[in-house]
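A.B. asks: As a plain string of letters, each chain reads:
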Amino acid sequence: MYGTTAMQQKKIKNLQLIIFCAPALIVYIIFKLYPAGSGFFYALTNWNGLNKTYDIVGFSNFVEILSDRYFWNSILFTMKYVIVFVLVANVVALTLAVAIESRPKARGFFRTIFYMPNMISMVIGGYMWMFIFTKALYYLADNHGFKWLDHSWIGDPNYSFIAIIIVSTWGTAGYLMIIYIAALQGVPDNVKEAAVVDGASPWQCFWRITFPLIRHALTICIFWTLNAGFQVFDVIYTLTGGGPGRATQSVAIHIYEEAFRGNIRYGYATAKSTVLFVIVLIVTAIQLKITSRKEQEW
Amino acid sequence: MKKFASIILAFIVLLTMAACAPSTPKETKDPGKATDPAPVKTDPVKTDAEPRKAELSIMMSFPQFMDQWETYAKQFEEKMLKEENIEVTVHLEMPSSDQYESVLQARLTGDDAPDLYTLHCNNLGTYNKAGNLYDLSDQPLASLIYDNVKETVTIDGKLLAVPIESQAWGVLYNKAIFAELNLSPPDTLSDLNNICTVLKENGYTPFMLAFQEQWVPQLMTALTLGDIVSGKLNDWLERMYKDEGSYEEVREIFDVIDLIIENGTDRAMEQGSEAGAADFAMGKAAMFVQGTWASNTIMTTNPDMELGVFALPINEDPNCTRVNLSTSTTLAVHPSSSEMDLALKFANYVLDEKDSSGLFQSCSFNPLATCHDYEAYSWVADASDYVARGRAYQDLVLPSSVTDEQGRLLQEYYVKTVTVDDIITRLDEAFKAANALN
Numbered sequence: 001m002y003g004t005t006a007m008q009q010k011k012i013k014n015l016q017l018i019i020f021c022a023p024a025l026i027v028y029i030i031f032k033l034y035p036a037g038s039g040f041f042y043a044l045t046n047w048n049g050l051n052k053t054y055d056i057v058g059f060s061n062f063v064e065i066l067s068d069r070y071f072w073n074s075i076l077f078t079m080k081y082v083i084v085f086v087l088v089a090n091v092v093a094l095t096l097a098v099a100i101e102s103r104p105k106a107r108g109f110f111r112t113i114f115y116m117p118n119m120i121s122m123v124i125g126g127y128m129w130m131f132i133f134t135k136a137l138y139y140l141a142d143n144h145g146f147k148w149l150d151h152s153w154i155g156d157p158n159y160s161f162i163a164i165i166i167v168s169t170w171g172t173a174g175y176l177m178i179i180y181i182a183a184l185q186g187v188p189d190n191v192k193e194a195a196v197v198d199g200a201s202p203w204q205c206f207w208r209i210t211f212p213l214i215r216h217a218l219t220i221c222i223f224w225t226l227n228a229g230f231q232v233f234d235v236i237y238t239l240t241g242g243g244p245g246r247a248t249q250s251v252a253i254h255i256y257e258e259a260f261r262g263n264i265r266y267g268y269a270t271a272k273s274t275v276l277f278v279i280v281l282i283v284t285a286i287q288l289k290i291t292s293r294k295e296q297e298w
Numbered sequence: 001m002k003k004f005a006s007i008i009l010a011f012i013v014l015l016t017m018a019a020c021a022p023s024t025p026k027e028t029k030d031p032g033k034a035t036d037p038a039p040v041k042t043d044p045v046k047t048d049a050e051p052r053k054a055e056l057s058i059m060m061s062f063p064q065f066m067d068q069w070e071t072y073a074k075q076f077e078e079k080m081l082k083e084e085n086i087e088v089t090v091h092l093e094m095p096s097s098d099q100y101e102s103v104l105q106a107r108l109t110g111d112d113a114p115d116l117y118t119l120h121c122n123n124l125g126t127y128n129k130a131g132n133l134y135d136l137s138d139q140p141l142a143s144l145i146y147d148n149v150k151e152t153v154t155i156d157g158k159l160l161a162v163p164i165e166s167q168a169w170g171v172l173y174n175k176a177i178f179a180e181l182n183l184s185p186p187d188t189l190s191d192l193n194n195i196c197t198v199l200k201e202n203g204y205t206p207f208m209l210a211f212q213e214q215w216v217p218q219l220m221t222a223l224t225l226g227d228i229v230s231g232k233l234n235d236w237l238e239r240m241y242k243d244e245g246s247y248e249e250v251r252e253i254f255d256v257i258d259l260i261i262e263n264g265t266d267r268a269m270e271q272g273s274e275a276g277a278a279d280f281a282m283g284k285a286a287m288f289v290q291g292t293w294a295s296n297t298i299m300t301t302n303p304d305m306e307l308g309v310f311a312l313p314i315n316e317d318p319n320c321t322r323v324n325l326s327t328s329t330t331l332a333v334h335p336s337s338s339e340m341d342l343a344l345k346f347a348n349y350v351l352d353e354k355d356s357s358g359l360f361q362s363c364s365f366n367p368l369a370t371c372h373d374y375e376a377y378s379w380v381a382d383a384s385d386y387v388a389r390g391r392a393y394q395d396l397v398l399p400s401s402v403t404d405e406q407g408r409l410l411q412e413y414y415v416k417t418v419t420v421d422d423i424i425t426r427l428d429e430a431f432k433a434a435n436a437l438n
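The listed protein sequences derive, respectively, from chains A and B. The opening residue of the first sequence carries number 1 in the working numbering; numbering runs sequentially from there. The opening residue of the second sequence carries number 1 in the working numbering; numbering runs sequentially from there.
A few chain A residues that face chain B, going by a derived Cβ cut-off under 10 Å, partial list only: (1) N46; (2) N48; (3) N51; (4) M130; (5) F133; (6) K135; (7) W153; (8) D156; (9) T240; (10) G242; (11) Y256; (12) F260; (13) R261; (14) Y266.
Just so you know, these hints were derived from the structure itself, not from any lab. Every value quoted in this text rests on a predicted model; they were computed, and no experiment measured them. The C-beta atom is built at its ideal place from N, Cα and C for all residues, glycine as well.
Model the full assembly from the supplied sequences, consistent with the hints where possible.
C.D. replies: Next comes the structure, spelled out in structure tokens:
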């Protein structure tokens with residue numbers, strides 16, 4: 001009798017869970033899972049995105065990808081971007097979080113200021129920065145003697161990479177900062193005080209006490225930036241358009257151009273996005289494995 | 001307490017009565033004033049039939065002319081109501097030009113095709129193959145379009161779209177600067193070289209470079225390839241489509257491309273096409289490799305600008321120095337339109353005897369049909385003069401992927417990350433890849 005009641009309660013709990021998750025789950029299935037699944041199907045076709053009909057071509061799209069140097073160049077560029085972006089964005093966000101948390105006053109003000117870029121679309125942010133890089137910096141260089149700013153920020157592939165990292169970090173750091181602040185607030189004061197009493201310097205206190213205790217936030221932030229980095233599109237699209245030529249073409253832009261421009265090869269483009277999905281899956285799985293191992297439960 | 005309770009009760013009853021009362025007009029007529037005329041029923045006049053309601057969805061790729069097309073759509077709505085007794089509502093969509101194609105493709109594949117939509121003339125073949133174009137050959141508009149323009153929108157004898165932007169174009173130049181320095185439009189590459197020298201000696205920058213968007217540097221290949229194919233290598237394009245040609249044969253186009261880049265404004269990669277046109281209008285350079293479609297921006301920026309057009313020379317043979325005759329934007333009717341009759345009426349209205357001239361003139365489009373009776377602009381007259389002298393060619397139709405690749409490679413050539421040899425190899429590869437798919 002008791003067993004049946006417990007079972008019923010468990011069923012009710014599961015049902016409640018499903019009901020509460022249902023709205024998000026339905027949206028996720030319709031807008032994420034279904035397109036991803038159908039994307040894999042189209043990867044096996046030669047559909048051009050326009051014709052009513054198409055042929056199943058098996059794995060020939062995937063075979064063709066192996067020798068597509070523009071695709072692998074875009075993968076290499078994306079990898080380079082991901083490494084620098086993950087590093088810079090997290091360092092900047094953590095520095096901001098620590099700096100704000102260590103302030104006795106006006107924390108709310110600084111939190112708001114640094115979070116603000118996150119509240120506007122990166123497309124708008126990209127166009128704003130485009131104006132800064134193509135007009136404002138030259139104005140400063142030409143009229144106020146800031147000659148070190150006089151570079152081709154959009155045209156020179158090296159400088160345009162820096163420009164892309166600056167804008168991406170500007171748009172992301174605020175969001176990561178909030179996660180780090182929440183984690184920092186969870187570090188008990190008595191542990192830090194004990195370390196100070198034992199003679200630990202501020203750096204030792206941060207590196208030996210605080211940092212290990214916020215590793216869970218680091219896991220989340222690295223996971224998020226890795227994902228965002230691999231899918232980078234809007235910043236590059238608005239800033240350089242992937243140019244000059246293909247010099248700053250991320251894999252997402254490359255796939256977009258394959259699907260909607262030039263030869264309009266929708267099937268081939270979805271095959272490329274499937275490959276990207278597998279790469280992201282492998283990289284994030286490795287990252288989660290490594291960082292989770294190092295996390296310390298409090 | 002009882003008093004308080006009865007007041008509350010009375011208040012609730014009052015509220016309930018007010019809420020349940022039938023909704024009557026706030027002003028009630030005093031029954032004593034019976035002299036007022038009885039209210040007249042405003043039923044529609046039964047002598048005329050009720051207008052049929054309809055909706056027409058149109059997608060266009062030039063947001064810069066939103067006002068002009070909205071006005072034209074309103075005129076169409078009025079015309080339909082008056083002449084056909086149809087109360088049509090035109091929904092005009094104008095996504096930004098760089099996203100237009102992807103938005104359009106998404107709608108076409110999602111069975112949500114607009115009734116009419118603009119597309120680039122070079123894409124007519126692909127869209128026709130996909131069954132997205134209605135044959136307009138038997139429509140009244142077909143007899144109005146000039147023959148040389150009609151050719152550009154006709155495939156297999158079918159008129160597939162209404163041409164909107166059609167132009168003879170080459171290099172835009174500032175006539176005032178040329179007149180001041182006694183310069184005349186060049187016929188050969190030496191002439192152009194000499195013009196650049198004279199301009200620089202007099203403190204002018206010869207060419208405006210605005211290479212931020214890939215399609216702008218690509219205009220240099222559009223002009224130079226057209227010149228060389230029409231003047232010398234007539235079968236080059238045909239052979240390219242058969243994988244029997246190479247860009248190596250047209251290597252000399254880089255002579256003039258080098259000359260333009262060497263004599264151009266700085267920071268070309270930081271300059272967009274619109275900003276470039278505005279700077280050109282303000283006299284920052286004397287010449288601009290750009291189509292006459294930029295004239296609207298140029299003349300808006302500087303209404304006093306004396307704008308001219310000359311053909312771009314590529315070598316010492318004046319026979320190769322020609323203007324490009326092309327149609328860029330066209331308006332197509334989707335065959336699955338639920339309002340086909342109205343869609344065709346709108347397509348015909350674009351070339352309406354009475355109203356079309358006003359629209360085309362307000363958008364600075366060139367005349368392309370017999371219904372266009374307005375005076376051509378000076379730059380159109382310049383280009384037309386080349387056409388009259390037989391020094392013009394129909395725009396070369398290259399695969400879209402090759403055109404895009406040309407733009408990308410010329411950007412890279414400008415920032416010196418590729419050489420001419422690299423460009424030739426990669427364009428040959430791109431052409432072969434496009435051939436393999438078609």
